[in-house]
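Given only the sequences and the hints, what does the whole structure look like? Please build it.
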Amino acid sequence: MNWRRFLKRRWWDEERAREIAAYLENETADNLARGMPPAEAAAAARRKFGNPGLVREEIYRMNTIGWLESTWQDLRYGLRTLRLSPGFTAVAVVSLALGIGANTAIFQLLDAVRLRSLPVRNPQELAEVKIVGGNHGLGLNQTYGELTRPIWQAIGGKPRAFSEMFAWSANQRYVGKGSEMRSFRGLWVSGEFFRVLGVRPWRGRLLMPEDAGACPVTRAVVSYTYWQSHLAGREPGPGLKLIVDNDLVEIVGVTPAEFFGISVGDNFDIALPFCQPKEELRRDVFEVSVMGRLKPGWTLPRASAEMQTLSSGIFEATVPPGRDARTVETYKHFRLAVYAAAQGVSWLRETYDRSLWLLLGITGLVLLIACANLANLMLARASTRERELAVRLALGASRSRLVRQLLAESALLAAAGTALGVALARSLSGVLVWAISTGDSSLNLNTAMDWRVLVFAAAAAVLTCAAFGVLPALRAAQAQPAAAMKAGGRGMTAGRERFSLQRLMVVTQISVSLVLLVAALLFVRSFRNLMTFDPGMRESGIVTGFLGFWQSNLPPQRWLEFKRELLDEIRATPGVIDAATTTNAPLLGSSWEHGVHVGAVEGSSKFTWVSPGYFDTMGIPVVRGRAFNQDDTAASTRVAVVNQTFVRRLLGGAEPLGKTIRTIQEANYPSTVYQIVGAIPDTQYNDLRGKTPPMTFAPASQLPAPGPWTGLMIHSNAPSAAIGAAIKRELAARHPDVIVELSDFQKDIRDELTPERLMAMLSGFFGMLAALLAMVGLYGVISFLVARRRNEIGIRLALGAERGQVVAMVMREAGRLLAIGIVTGAALSLVAGRGAGSLLFGLKPYDPLTLIGAAVLLALIAAAASFLPARRASRLDPMVALRDE
Amino acid sequence: MGKKPTQTDILQGTLDMLILQILAPGPAHGHTIAYAIERRSEEVLLVEHGSLYPALHRLEDRAWIASFWGTSENNRKARYYRLTATGRKQLSEEMSRWERVVRAVNQVLRPAQE
Chain A
1 MNWRRFLKRR WWDEERAREI AAYLENETAD NLARGMPPAE AAAAARRKFG
51 NPGLVREEIY RMNTIGWLES TWQDLRYGLR TLRLSPGFTA VAVVSLALGI
101 GANTAIFQLL DAVRLRSLPV RNPQELAEVK IVGGNHGLGL NQTYGELTRP
151 IWQAIGGKPR AFSEMFAWSA NQRYVGKGSE MRSFRGLWVS GEFFRVLGVR
201 PWRGRLLMPE DAGACPVTRA VVSYTYWQSH LAGREPGPGL KLIVDNDLVE
251 IVGVTPAEFF GISVGDNFDI ALPFCQPKEE LRRDVFEVSV MGRLKPGWTL
301 PRASAEMQTL SSGIFEATVP PGRDARTVET YKHFRLAVYA AAQGVSWLRE
351 TYDRSLWLLL GITGLVLLIA CANLANLMLA RASTRERELA VRLALGASRS
401 RLVRQLLAES ALLAAAGTAL GVALARSLSG VLVWAISTGD SSLNLNTAMD
451 WRVLVFAAAA AVLTCAAFGV LPALRAAQAQ PAAAMKAGGR GMTAGRERFS
501 LQRLMVVTQI SVSLVLLVAA LLFVRSFRNL MTFDPGMRES GIVTGFLGFW
551 QSNLPPQRWL EFKRELLDEI RATPGVIDAA TTTNAPLLGS SWEHGVHVGA
601 VEGSSKFTWV SPGYFDTMGI PVVRGRAFNQ DDTAASTRVA VVNQTFVRRL
651 LGGAEPLGKT IRTIQEANYP STVYQIVGAI PDTQYNDLRG KTPPMTFAPA
701 SQLPAPGPWT GLMIHSNAPS AAIGAAIKRE LAARHPDVIV ELSDFQKDIR
751 DELTPERLMA MLSGFFGMLA ALLAMVGLYG VISFLVARRR NEIGIRLALG
801 AERGQVVAMV MREAGRLLAI GIVTGAALSL VAGRGAGSLL FGLKPYDPLT
851 LIGAAVLLAL IAAAASFLPA RRASRLDPMV ALRDE
Chain B
886 MGKKPTQTDI LQGTLDMLIL QILAPGPAHG HTIAYAIERR SEEVLLVEHG
936 SLYPALHRLE DRAWIASFWG TSENNRKARY YRLTATGRKQ LSEEMSRWER
986 VVRAVNQVLR PAQE
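Listed in order, the protein sequences are those of chains A and B. Per our numbering, residue 1 is the first one in the first sequence, and the count goes up by one each step. Per our numbering, residue 886 is the first one in the second sequence, and the count goes up by one each step.
Just so you know, these hints were derived from the structure itself, not from any lab. Please note that a few of the clues may not be correct.
What the hints assert, rightly or not - Examples of chain B residues toward chain A, derived with CB under 8 Å:
#1 925
#2 935
#3 946
#4 948
#5 956
#6 959
#7 961
#8 962
#9 965
#10 989
Stated by the list, open to error - Beyond 12 Å from chain B on every Cβ pair, some chain A residues (computed):
#11 26
#12 45
#13 52
#14 62
#15 134
#16 239
#17 347
By construction, the Cβ of each residue, glycine as well, lies at the ideal position given by its N, Cα and C atoms.
This is the structure we're talking about:
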């Protein structure tokens, strides 16, 4: 083919037309000269030349590219026919847009969370060093913390696999002074961090190796968003200083807006260099993530093999002190390996991966239903266009050309649906991000279109077009011209086969919507179970909080006393019923565990140190023995209250009172013997969904390694916001250098349920959408069927059939489709349910009640959808129906 | 829209060669060429003069001939064609091939006239 010629085909056509005109003029002139009369001369010239139209057409055809020209014609024709039925077009485009939009939105989120590379230089070279199989819960573990800082130092520059390495950690800390203090999202980095990642400063300079030295930290950089929102975009430099955790820090630069650190979904406020404290670094705090750029030629397995050989030296040199021999042995046998890190790290992956893939499956099924609907509409349309197609065939159109023409229509619909769907997806994914974000932790996800999303949308478009276009088009092109034309306006003959195709579509729709309804009900019920689940303690009317007073410069021996004073002041606040301190707020994720010996039994238990009044505040009854009181002091016997799981597992169900617990020693936590003085029922520990572990409570006064901070639980009868504000006001007035953070306990718990809420919300929405689409599909097919059988129904009525009988006849047809659909749908649900099992709370994926509920719901919807056309059929006037014939 | 074989299809090669040959002495416009072919082929090749134009278009597309607008002998506008260098080469190749074919056919039809 010749594009130049193709693009100039119109110009050539005009040129040749002029040339032909010139010929005719010349010939006419010659004829005149030969003595012909003028009229005769022109006619003779035209005879001599032949048909100018044909000549031009032949030349035009030489210039054009056949398939392109005919495709263009098909598309234009398709556009015209679609314009003729705006209702059909609107329904088709909107349902496709909903289907494709939902799919694209979910995929955008998956892309952002899982597939997108970090916005740094050559992200594909990045790799992370981690302990194979994790650290078995040893020591303190921070989010994204894979290694300790001593391990990072021991790794040093040893691995040859990496051209450059860096370490980072993320932690929430405090900036500002006293009651003005605010928490910020901190990013702690080794000196090489920004250079290795190739991040360029937006303003000033970024941190360099020379910024990392002895503590305290003196220089930091801030993120673009923090710079804008908290520093008013002031020029970085000696004039811009912040108090970070008590130290005066100069802001030397600003990172560019697109840089959010290494963890996808988060953002940071201030980035600070690691500093070397005067005392030795702790060897049991797993706080850093170590990454680097692999040298060319070093694959992950090769780099891992190298790390493996270095491992034993590294772990030998960094054994945490104060551990028992077995722990030390396990530690020394840890092995390091190298993992890909081009996509950074993200907590969202663990939390939402399964949900997102499942949602993608759900939206895929919704799209399938939409396609089945469209295919049905196309089939119905094709049958009304039977005569048109027959005429075209009779006039010599080839069947393949007809198929192409019908497919062009589908392609137009698919393209329009996709365009609208992609636009829709942009807002939908925004809504999704908003739905995942909880209160104060807004998600920072880049859901902008990238090539993956576009490829995904395009693939969805092609697949849907094929799904709803091909079959009807092939079917329509098989029309037998003679039969179709003979059959008159209504096709009595064309039928059975196309019908069964439509029936198949409806059965598919019903079964797939049953699957989606079952999923929706499962997730909604699971969420409801969680929301109404009794964790064994008071949830409402509780304010949970945190007090920090490291800026007060109190000596450690005063800390305990000061905490008690602060607590008393809080209890005195009007509206407060009771309040207690705790080292761990329950149900919100934090956890503290010690290895214990109970008699001969060795095991582990969660440990929480609480002030007297904790059990009253939380509404937890002490069923045996006593709660803590003011007589349990730092000097008195160590006492403990345990839960029933503790009694069952570590005491073998024996009487707990009077038994002793000996903790296994850890750094700062020497081996201690506690005497059990009370027992409480089982409550949830740090997660609403989890199983209750053995739990031990001990008095706050006997906490082995206290700090200048404490957790709070406050029971009040006033709204949390009001009571929180009152307490903050009181404390700020009397203790300006104490940090107070308060929030509503119940709201915090509900925020922890965001994944479940998201699943319930979305699967519920898609389930309803699916049912709606299936209803439309069933309605359409039953109406069509009734229209086709108009004569027959007319005859039946004329012969004396009751109207009720006609309704029953139509409903039977619908009932048959429904029954087949529900049986296959139930089978599919059972198969599909296995994927959802781990996301459910308090019920199994093959929950019979849910299955029956969904089937009944669908049956009701189907009955409603088929009753209307059935009634219409029964009201048919036999005379009118028969006269039409 | 399949193409249907026509008389020009069969004799296309011959027609092309004739056009090139007619243009060999110098430029001419469509009307002139048509009459020249009609005369020379005794109206076998060109029943209707119109069928000359697709051939001209094809040859021009292959760059064997080039065209320009000019004024005819009786002072009318007409599109003139002239042979290009490629066209000239093509003509001589076509002619020698044609002669070979004719000789071969002749030998089959009238074997060795002593």
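Status of the hints after comparison with the structure:
1. 925: 17 Å, violated
2. 935: Holds - the Cβ of residue 935(B) comes within 8 Å of chain A, reaching about 3 Å at its closest.
3. 946: 7 Å, holds
4. 948: At about 12 Å, which exceeds the 8 Å cut-off, the nearest Cβ of chain A leaves the hint on residue 948(B) violated.
5. 956: 11 Å, violated
6. 959: 6 Å, holds
7. 961: This interface hint holds because 6 Å falls under the 8 Å limit.
8. 962: Hint on residue 962(B): holds, closest Cβ of chain A at ~6 Å, below 8 Å.
9. 965: Where the cut-off is 8 Å and the nearest Cβ of chain A is about 10 Å from residue 965(B), the hint is violated.
10. 989: 32 Å, violated
11. 26: Violated, since 4 Å does not exceed 12 Å.
12. 45: Residue 45(A) not clear of chain B: closest Cβ-Cβ about 9 Å, inside 12 Å.
13. 52: For residue 52(A), whose nearest Cβ neighbour in chain B is about 6 Å away, the distance does not exceed 12 Å, so it is violated.
14. 62: 6 Å, violated
15. 134: 69 Å, holds
16. 239: The claim stands: residue 239(A) keeps its Cβ more than 12 Å from every Cβ of chain B (closest is about 74 Å).
17. 347: Per Cβ check, residue 347(A) is outside 12 Å of chain B; nearest 62 Å; holds.
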